Amino acid sequence: MVGHGDRRRHAVGGALVKRGMLAAAVRLFTVQGSWSYERLQGIGAAVAIEPLLRDLPGGVGGEAYRRAMGRAAKFFNTHPYLAGLALGAVAKAEHAGVDGEQIERLRSILKGPLGSVGDRLVWVGALPVASAIGVVLVALGHPLLGVLSFLGVFNTVHLGIRFWGLGTGWRLGMAVGRALSSPAFTAAMRYAGPSAALAVGFALPVAGVWLTAAFGLNDKIGVAAVVVVGAVFAKWLAPRLGAARFGLLAIVLALLGGAIWP
Amino acid sequence: MDTPMVAMLLAWGLVVGMDLVSVGQVMANRPLVAGSVAGLILGDPVSGMMVGVILELFALEVLPLGASRYPDYGLGAIAGAATASGSPGILGIGLGIGVALLVAWLGEVSMSAVRRFNSSDVRRRRERLDRGDVGTITRVHLRGLLRDAIRAVGLAAAALLLAQLARRWSPVDLETAVLVTIVAIGIALATAVHAAVRLSGGGRGVGWLATGIVAGTLWVVLL
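Order-wise, the sequence lines are chains A and B.
Under our numbering, the residues of the first sequence are numbered 24 to 285, in order.
Under our numbering, the residues of the second sequence are numbered -8 to 214, in order.
Which stretches of chain B does chain A cover? Using the computed rule of at least three CB atoms under 8 Å from a CB of chain A, they are: (1) 106 to 112; (2) 175 to 187.
Derived contacts from chain B toward chain A, CB cut-off under 7 Å, selection only: (3) Val14; (4) Gly15; (5) Phe49; (6) Glu52; (7) Trp96; (8) Val125; (9) Val131; (10) His132; (11) Gly192; (12) Gly196; (13) Trp199; (14) Ala206; (15) Thr208; (16) Val211.
In short, the hints are calculated from the structure, not lab data.
These figures come from a predicted structure and were not determined experimentally.
The beta-carbon is built from N, C-alpha and C at its ideal position, and this holds for glycine as well.
With the rest of the complex left out, here is chain B (with noise of 0.2 Å):
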């Protein structure tokens, strides 16, 4: 990776890590989106876009309500399509879906830690906050999203850094890279299962998700 890439992945890292709770969220924080441009630019889109399609397989379970906690799986992805990246076929994906889950579950915690320092700010302008100060208003909203963007940033970095390593000194032998991307994508497959079952409300809903699995087979098998 040279200073122009690691430079446009971090830009990237921003865009996508704050597109996930504090600026836009029109959903470029979706490994989908994440993984693909991601992979555009290490130069291996089809990596980018395995990563972001398992990924997002995944993302289906994030049901981001009220002050609920969820992995920041945008950020995994940049992380999962810098690890695989450049590897032979589909070997380097296993090991990539492993870095980008480390990385989304570390999304998850420092989007709790940034909360924090936002509540702490709160509670020491309280009664300015509580006048209508909007000066202070202002500044505390503002200094929310450079939190933010740090974190994303910050991750970001994080999460290439996680990817030299895992690429360097990966003790993966190619038995084990073929299983660890079989683990991986039934893994997918099984937790995209289940939140489809979630998503489907049960009863009548489960008789949708049944008849479309049916017409997804139909369509693979005779087309």
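Just chain A, with the same shape it has in the complex (with noise of 0.2 Å):
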């Protein structure tokens, strides 16, 4: 039963997280800002979760708040669009009194499963969906629109997971591990990496036209065939060299075979 002080306690407290909710949604857009290979995002982690931690027992400069803070600097790494999901599940543990030891042990064990997740929906679904849509629209001729759907589309997907993961990690606090089993997370980490597959094989075609509409025939015969020796050593290059220097090599290669070629 809850007696009437509890009720206006939990309504102030309530009200204080409800404030620190924003300025802590805010703070994770610089979760990696000081991002080290001591702690990699710990020190964010910890300046985001700050507001949600004030009006925890003997308030700011308390020991309760200390002691969460020292924790939440520690090393941690995750998704940095769900870190979120951690931190508010970490904050309100904090609040609900959880022993010190398994606070840690539950930001250990979000670490990797959250790391996952957002790598699967982000960078292998949303973001190379985004990026096609946006190269299509160029190449067909509209430069604004593509730019634009390119930031519509992967901000959509960017800005609903941030907000939603903080909110879900304060509201499920020690039970945040449901969140992540839930249909519409099973579904989308199962068509991430087909949609992506799908949308960038449409992009390439209309793009090599796209870029190659100022050229010759002979010169698109040219390009068809850098594609294909491309690929071909873009298989065992790219993967040690990395793209950008795999590129840099053929254009300095070219550079010297246009300036040895008589």
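Two chains, each in its own frame: build the complex with the hints.
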């Protein structure tokens, strides 16, 4: 049974946490701002969660607040867009008075799955799909629409994940794992890769035709030959060198070839 | 390039460079966006877009996982647009992509340097951080952001300087310019194919990729 005093304290705490939510959500945009090999996102995570910890017993500077901040600043790394899910859950656990070791275990357990889900949904799914849409629209003669569509499609997913994550983490606390096993997540994970492959596959010939529109037939055949030879070499060289250095190497060779060829 | 243009490009470089990792990650750093806006600032939106699209194909390989290092294609796109702008037709595109890829690589190296400085900062203040000293935590974070801001503006300035050098003292004749552009476009498409195969995850995913390529080819042939 909740007494009158308890209800009032909860209401006050709730209001403070609600204010802290917005500040935490904004700070989460810089969660990787002090990325280091020592603690990875740890310092950024502590800065982001801090507004949610201000109303711990004893207030700012109190023992509970300092201990929670010390834990928050330790080694932490996950997908930056889903960091809010972990941090919301950790903040809720701190407010619920969960043992410090259990909270550290929660942070540790969440890192891997959140990273894996985020990588699959965002880097393997949403980003290549949005990129392909943008490239196709630019190539079809709608440059402004292409750039805006790319940003719009990607950031709808991006911002949705960020704000949903922080709120859901706070709501579920120690039971945050439930959020990751929802059918929506499972379906999105399953279709992320195929959607990206389909979209990028469609964009490749469209972009190729647009980029070579100013060339004559011989030059177009030249581009096709470079694509074939490049794709063969990319299989071995791109993973070792990275695409940027691989491309740079090819361009330097072309410059040398142009200079030497009579 | 006049002074207001340089100032605008440096400001855009700051936004683009910090968006890569430190602030936002709203994808202002993607070359499609960075190159297009740089082209608008330079008064040559077509070159900016072409550089942006070609580098976007290169950038499909980037999977920014955990502690991985990856090129700064956004600042590269600004460098590429600055190199290619004003050239007749697509003659400046190949050289622009060359300068862009060099800057993107320098971006990758500079990001590692920033992370090393951040690590040293964290190591020096380990005890206070572990005690939960909020002042120390905040200052370490702000210094990390400042380092990345310096990296972004510094690299944007270096990018503009390299672009000017490439435009002024380029040893490239007409035939070489065409050859370099052919190679740049071809390699971009090749790396995009490689990245798409990786994204597809093999197996049935390759089938989706093939379906996409067939659909895209039919689109450009029939429409």
